[in-house]
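Engineer: The primary structure of each chain is shown beneath.
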Amino acid sequence: MPEWEAHEAEVPSAVVLLWRQVGYQNRLFTRTPVSAFFTLVFPLIFLVLFGALFDGIDIASGVEVDAAQFYAPGLAVFAAVSATYTNIGIGVAIYRDEGVLKRIRGTPLPRWIYMAGVVGSGVVIAAAGALLMLSVGFLLYGIEMEMANVLPAAATFVVGVASFSLLGLALAAMAPSGQSAPALANATLLPVAFVSNVFISVRNDPPAWLDLLGDVFPLKAFADAFFAAFDPFEEASAYKPWLLLRMGVWGLAGALVAVRKFRWEPSTGAGRGAGRRGRR
Amino acid sequence: MPVVTVTDLAKSYGPVKAVDGLSFTVEKGEVFALLGPNGAGKSTVVEILEGHRTRDGGDVSVLGRDPGTAGQEYRDRIGIVLQEAGIERELTVSEALVHYGACYSRRRPVDEVLALVGLTGLGDRRTHQLSGGQKRRVDLALGLIGDPEVLFLDEPTTGFDPSARRHAWEMIEGLKALGTTILLTSHYMDEVQVLADRVAVVVEGRIVAEDTPAELRGSADSETMIRFRFPDGNATSGPVVDLLGGLAGRASVKNGVLEVCTEEPTADLNLLTRWALDRGGRLEGLEVTTPTLEDVYLDLIGEGSGTGAGDA
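Just so you know, the sequences run in chain order R and V.
By our numbering, the letter at position 95 of the first sequence is numbered 95, and the numbering carries on one by one without gaps.
Quick note, our numbering runs 1000 ahead of the 1-based positions in the second sequence.
The hints are simulated quantities; they were obtained by calculation from the structure and are not laboratory data.
Ideal Cβ positions, reconstructed from N, Cα and C, are used throughout, including at glycine.
Please note that a few of the clues may not be correct.
To be verified - Computed Cβ-Cβ distance ranges for the label pairs, DEER-style:
(1) V:D1059 / R:R263: 51 to 59 Å
(2) R:R263 / V:Q1129: 38 to 46 Å
(3) R:L151 / V:G1068: 20 to 28 Å
(4) V:G1068 / R:W242: 39 to 47 Å
(5) R:F199 / V:A1115: 52 to 60 Å
(6) V:S1023 / R:S13: 34 to 42 Å
(7) R:F38 / V:T1054: 53 to 61 Å
(8) V:D1066 / R:R263: 20 to 28 Å
(9) V:D1111 / R:V249: 32 to 40 Å
(10) R:A253 / V:V1016: 35 to 43 Å
(11) R:F37 / V:D1059: 47 to 55 Å
(12) R:V41 / V:Q1129: 40 to 48 Å
(13) V:V1016 / R:A183: 45 to 53 Å
(14) R:S13 / V:G1014: 36 to 44 Å
Construct the complete structure from the given sequences, taking the supplied hints into account.
Structural biologist: Written out as structure tokens, the structure is:
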């Protein structure tokens, strides 16, 4: 079959495509005020409330820190998880139902670049949310952190958001429809958040089953490892490889589910015409 | 060498055979239409060619590639207008065109594409502010932005008002003039008649007829239909029975209207008009019609005999 010569022009390189794709996802995010509010502002409201409600937080028997010292890093983690797990899971599921994913699949954009763009944007937004939270903590609440702990905190953050991004893709893959995705995201995240040192401290001698429950899921590992960089009583290194490993295993499991179960077509019956388009 | 070759294509959804041994070819620069009722399997065929669906059997080749295994390089050379696909509501029309255009190696200028689909001046509008017909034009624009060699149009004008449809037709004819090979599905006869170089009529996953629209129309039993109303509605009296016996064609009476299906329209018309004049009357509401593509189509898809296609 000699007649079908290839195009003279080259398709754009993967790096260029990925860069554009992250920018595109960021733009979709900034133009959706509701998700911007829930991701960036909502956790700040928690910080203000918890800061007003509590003076000190027990982080071990008889050891107490200022409320903001505990909550700012914990809620930074919560913001990062909202930006990745929740936003990716809901956003991708909705776009699948609306047929946007099917359109994308018909273009020359490599599928992995679409996925990588979703994850990359999630990481950027997570970083913005966490930095906002910590800035408020440093500037308004006087929280403290040793300079030596900046790198360990960053390392924890990267592993954490990467893992939760992959779990977000898995959530999108498992959600039966875009409509059910928000419920699924909240039902899986919020109960876990209560046993994971995000909303309340479970560090001061909690019931064993509660401790165990938190240890099963990756959120407590993220919160604990990140808090280690802000813990004034921490004497060991702020690098917590075992906690990072726990998150990483969850992330890999998420990647596996996402790869095996990901769908590009609207769910039968759920999407067609039920989306926002409403032609006719 | 044809741009699209489909041989014995088969695809089932569970027990339902959506595509059942279908074959056709499309030459370079040709507009080829798959015409058929909803559920005939047209979209399944097109989605297999687009690479969206796998096939159960048969061979498929587009631009010398198998869409089932072809990758990025293949999708770089085709344009797809799906029957139903969403557009990011957060983007403006121009942003969507720029973003989607960026992943193709060749692309048409955004302004040119906007003009081509009749969206000039609406580039800065957010997609969710557009009407249904305007969104469909964005679909067309996104199918064209990568300057495709082959364009798949799955029911491009469904839901359009008549003037929007005319506009879309002009646009598709313009693309044809540029040499784009187009595979179109439609259930509109007039659309196919205007646009297609060749038509395949698809019923229950099979092609039941394939030809140019003109030939397809001529292929029907070339019977002319003569209709008129009886003055007094009485069709069973003696003289009428005599009259009908003398006709070359087949006569039937429905609701006081006499229909004659004939291959000898001149002789039968002469007989009927003389009969009317002899009685000092007229043939009320006289109509003489030759078969249209629509008649041929309805005949082919079995609407006349009551075996219309299902919903599969």
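Engineer: Would you mind marking each hint as holding or not holding in the structure?
Structural biologist: For each hint, the structure was consulted:
Hint check: D1059 (chain V) to R263 (chain R), Cβ distance near 27 Å, so the stated range 51 to 59 Å is violated. Taking 38 to 46 Å as the suggested C-beta distance range, the pair R263 (chain R) and Q1129 (chain V) does not conform, at roughly 29 Å. One distance hint, 20 to 28 Å for the beta-carbon pair L151 (chain R) and G1068 (chain V), is violated here, with the actual separation near 48 Å. For the pair G1068 (chain V) and W242 (chain R), the supplied restraint of 39 to 47 Å holds, since their beta-carbon distance comes to about 46 Å.
Distance hint check: the CB atoms of F199 (chain R) and A1115 (chain V) are about 55 Å apart, consistent with the given range 52 to 60 Å. Separated by about 40 Å at the C-beta atoms, S1023 (chain V) and S13 (chain R) satisfy the suggested range of 34 to 42 Å. For F38 (chain R) paired with T1054 (chain V), a C-beta distance near 39 Å fails the hint of 53 to 61 Å. Checked against the hint of 20 to 28 Å, the C-beta distance between D1066 (chain V) and R263 (chain R) comes to roughly 23 Å, which is consistent with it.
Taking the beta carbon of each, D1111 (chain V) and V249 (chain R) are about 51 Å apart, not inside 32 to 40 Å as hinted. Distance hint check for A253 (chain R) and V1016 (chain V): the Cβ-Cβ separation is about 36 Å, which falls inside the suggested range of 35 to 43 Å. A beta carbon spacing of about 53 Å between F37 (chain R) and D1059 (chain V) agrees with the range 47 to 55 Å that was offered as a hint. V41 (chain R) and Q1129 (chain V) have their C-beta atoms about 26 Å apart, which leaves the hinted 40 to 48 Å range violated.
At about 33 Å, the beta-carbon gap between V1016 (chain V) and A183 (chain R) misses the expected band of 45 to 53 Å. Roughly 43 Å separates the CB atoms of S13 (chain R) and G1014 (chain V), a value that falls within the hinted 36 to 44 Å.
In summary, the structure is inconsistent with hints 1, 2, 3, 7, 9, 12 and 13 from the numbered list given earlier, while agreeing with the others.
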